[in-house]
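2 protein chains.
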Amino acid sequence: MISRVLVADLPRHVGERVRIAGWVHRRRQLKTVTFVVVRDRSGLAQVVAAGSGWPPEETVVEVEGLVTANPQAPGALELTEPSIGLLSEPAEPPPFDLYRPRLRAGLPTVLDNAALALRHPRRKEVFTIAAASVAGFRSALDGLGFTETHTPKIVSSATESGANVFGIDYFGRRAFLAQSPQFYKQALVGVFERVYEVGPVFRAEPHDTARHLAQYTSLDAELGFVDDHHDVMAVLREAVASMASAVPAVGVVVPEVIPEIHFADAQELIARETGEDPRGEPDLAPAHERSLSDWALREHGSEFLFVTGYPMAKRPFYTHPDPGRPGFSNSFDLLFRGLELVTGGQRLHRHDDYVAALAARGESGEPYRDYLDVFAHGMPPHGGFALGLERWTARLLGLPNVRQATLFPRDLHRLTP
Amino acid sequence: MISRVLVADLPRHVGERVRIAGWVHRRRQLKTVTFVVVRDRSGLAQVVAAGSGWPPEETVVEVEGLVTANPQAPGALELTEPSIGLLSEPAEPPPFDLYRPRLRAGLPTVLDNAALALRHPRRKEVFTIAAASVAGFRSALDGLGFTETHTPKIVSSATESGANVFGIDYFGRRAFLAQSPQFYKQALVGVFERVYEVGPVFRAEPHDTARHLAQYTSLDAELGFVDDHHDVMAVLREAVASMASAVPAVGVVVPEVIPEIHFADAQELIARETGEDPRGEPDLAPAHERSLSDWALREHGSEFLFVTGYPMAKRPFYTHPDPGRPGFSNSFDLLFRGLELVTGGQRLHRHDDYVAALAARGESGEPYRDYLDVFAHGMPPHGGFALGLERWTARLLGLPNVRQATLFPRDLHRLTP
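Top line first, the protein sequences correspond to chains V and C. In this text, residue positions in the first sequence follow our numbering: the first is 701, and each later residue adds one. In this text, residue positions in the second sequence follow our numbering: the first is 701, and each later residue adds one.
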């Protein structure tokens, strides 16, 4: 049997008999001829056959045929004089037409039938872009001397906060799903100086919103020997620029220097722009993030904006304070098109500072014993960030719901497929 | 302040004053002089200082000094006329000496203090080799047209079998931690044809052995449009060869064609070699795997051996039978230095075959409804494999316990750190 040719490679075989294999994307039977579009991982190809008798859409077939130039055909060529072989049973009709330019189905139907809906070229493309973005992320950090790590997802105590955590029965003991690799990546700065992890994190989000998931893919990085959070932001800029470069067709530009505004200045700007007065609030409202992004695009031509120096009150206990500005922190968010895409900052690195920070919040150090112990044994000034992959892809492609950028989403209501 | 130089780059700065930063790896105070070895992510450098007053081991410091050639010093150079700055509090002494060529501590102590033990250069190296191996795996599969995916780790029913699964309270419902991405990667063959995933899998292993973990990192791949399991084995060979090439210092050679022996022939060989008669057994005992590996090394000069055609009785229900040999399957294991490293094979791809396979095992199709549905909608012949990262690294480096190849292992007894 002649070996399989991918559809994308057909232009190199005009005039030859080849074998392609894929799914019957579309079958149109006319009076004396049938037009069949075959879909493989590389694209779509039209096959023209005399008569009828072709299997229904989504059946897997292999087709031998003559590659024939035809300016009217999609891609200006088609397969003629075909012979067909079935590689699957004739397929049952999917709950929506996969051959239409857009999936005509509501989000619940799309997600209930995710494995089929993902076959639609526009759905599929979301995840090839996500995969390329992750490759770009790793490539940037590998080039900067980072080491990739894999840390426990089953932990003995809640990491980020006591709420929103999934409990597990761990050999008869109580355990939890990790909400982030935060403590591990910090500890590993003591080993590798620079680490990253691409992996699942788990949040028992009780809210049913368009931007929260019970499991998402977190791109985490942490680095030692920083002066302050600006060293972390510089690495993040490289990572995001490399992610954007990995998907050139999307056309997002990350400026050489991403504009930056301090939280306090951002609040003043919002007050001037909107007439509202957010001063005294410890965080930014979603509408204010959008307003700041508009400002950055207008004033700096940038779709990205760093907001720095968030008040200590709203940041986690391991956040490093701004030594020059009481109440504020060496932390940042990166806004992208009106939405918080990344959170990061410098962390505390002295053991005594951790003990004091927990005491100030009225928390016992006991649940953090292993974590705190690391800081008693010599840890450099360090910081890091976490970027949600699904949020990135959704924002990049203008998808209104983060579930559209998740292969098989998990949320308050959804545990299958 | 002059910018930091990594220790590995010092040879380019002989005669210059530079700044290095890292951990006090070793401090030796003589009568009038102190020798300090500083450790950073790139290596070790000796600093020679008049007098005493240097902080204890593991304290994080920055040192400015003159790079001076000295044939007696490690690396033939040292920093003289140093001035020192503290970047952490003076460190508490670790529970073992990190500066000795080998960690003198038992495995429980090493694992109880993992974040510190990992600072030992020989411990650290295990995980830089693991990271490079994963990069090699991805690089091979990216080059072969695979797409990287991220699938749910929280699932509604046990995947591989009902046993050894962790239960979760999922918003008041019962859910489970995924034992593998098996069903998702198969479904995604219907979308991308070729997929891989690097991620955590979870096994509630009730056995306390040197080769089982409750969480490990699985390198999973699955590909469509195969003739049989040999197409899967060919991709696996490329992946493992790329992993080995990524760690050239380890010196493992993957043959162009990995030798292969059928399960039935393997049993006859074992009978001849050992005098035992394993025929009739549906699987290989660990001692028999070792014996087969010895044979492959002796007869074929290969540390890798494919055993193919395992009896259907011991393989999961989705295994494709050998159409020419009743009772046997189109499956394989890859043995590496006497241990099963990879399991894989061709899968069923017709809906009716799944229904029949489950019925033959007396299982209801209901828990597999979403999974089975995919096969009613056109799936090509396909197959795949799963490789345990920690097992690979342990075997590669001759570590007797897989926990030594895990940053922070999880097992029957261990939930921290």
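No wet-lab data here; the hints were simulated from the structure. Source: prediction; values computed, not measured. Don't take every hint at face value.
You can't tell identical chains apart in this list, so a pair holds if it fits in one copy or across any two.
[To be verified] List of simulated lysine to any residue pairs, SDA-like, C-alpha gap at most 20 angstroms: (1) Lys824 x Gly845; (2) Lys824 x Gly1024; (3) Lys824 x Asp1073; (4) Lys824 x Leu844; (5) Lys824 x Arg894; (6) Lys1014 x Arg800; (7) Lys824 x Pro1100; (8) Lys824 x Arg800; (9) Lys824 x Asp869; (10) Lys731 x Val952; (11) Lys731 x Glu764; (12) Lys1014 x Leu1058; (13) Lys824 x Asp797; (14) Lys824 x Asp842.
Results of checking the hints against the structure:
{"no.": "1", "hint": "Lys824 x Gly845", "in the structure": "between (32 angstroms within a copy, 14 angstroms between copies)"}
{"no.": "2", "hint": "Lys824 x Gly1024", "in the structure": "neither (49 angstroms within a copy, 37 angstroms between copies)"}
{"no.": "3", "hint": "Lys824 x Asp1073", "in the structure": "between (46 angstroms within a copy, 19 angstroms between copies)"}
{"no.": "4", "hint": "Lys824 x Leu844", "in the structure": "between (31 angstroms within a copy, 18 angstroms between copies)"}
{"no.": "5", "hint": "Lys824 x Arg894", "in the structure": "between (33 angstroms within a copy, 13 angstroms between copies)"}
{"no.": "6", "hint": "Lys1014 x Arg800", "in the structure": "neither (47 angstroms within a copy, 44 angstroms between copies)"}
{"no.": "7", "hint": "Lys824 x Pro1100", "in the structure": "within (17 angstroms within a copy, 43 angstroms between copies)"}
{"no.": "8", "hint": "Lys824 x Arg800", "in the structure": "within (14 angstroms within a copy, 53 angstroms between copies)"}
{"no.": "9", "hint": "Lys824 x Asp869", "in the structure": "neither (36 angstroms within a copy, 32 angstroms between copies)"}
{"no.": "10", "hint": "Lys731 x Val952", "in the structure": "neither (48 angstroms within a copy, 62 angstroms between copies)"}
{"no.": "11", "hint": "Lys731 x Glu764", "in the structure": "neither (23 angstroms within a copy, 86 angstroms between copies)"}
{"no.": "12", "hint": "Lys1014 x Leu1058", "in the structure": "within (14 angstroms within a copy, 53 angstroms between copies)"}
{"no.": "13", "hint": "Lys824 x Asp797", "in the structure": "within (15 angstroms within a copy, 52 angstroms between copies)"}
{"no.": "14", "hint": "Lys824 x Asp842", "in the structure": "between (27 angstroms within a copy, 17 angstroms between copies)"}
Checked against the numbered hints given earlier, this structure breaks hints 2, 6, 9, 10 and 11; the rest are met.
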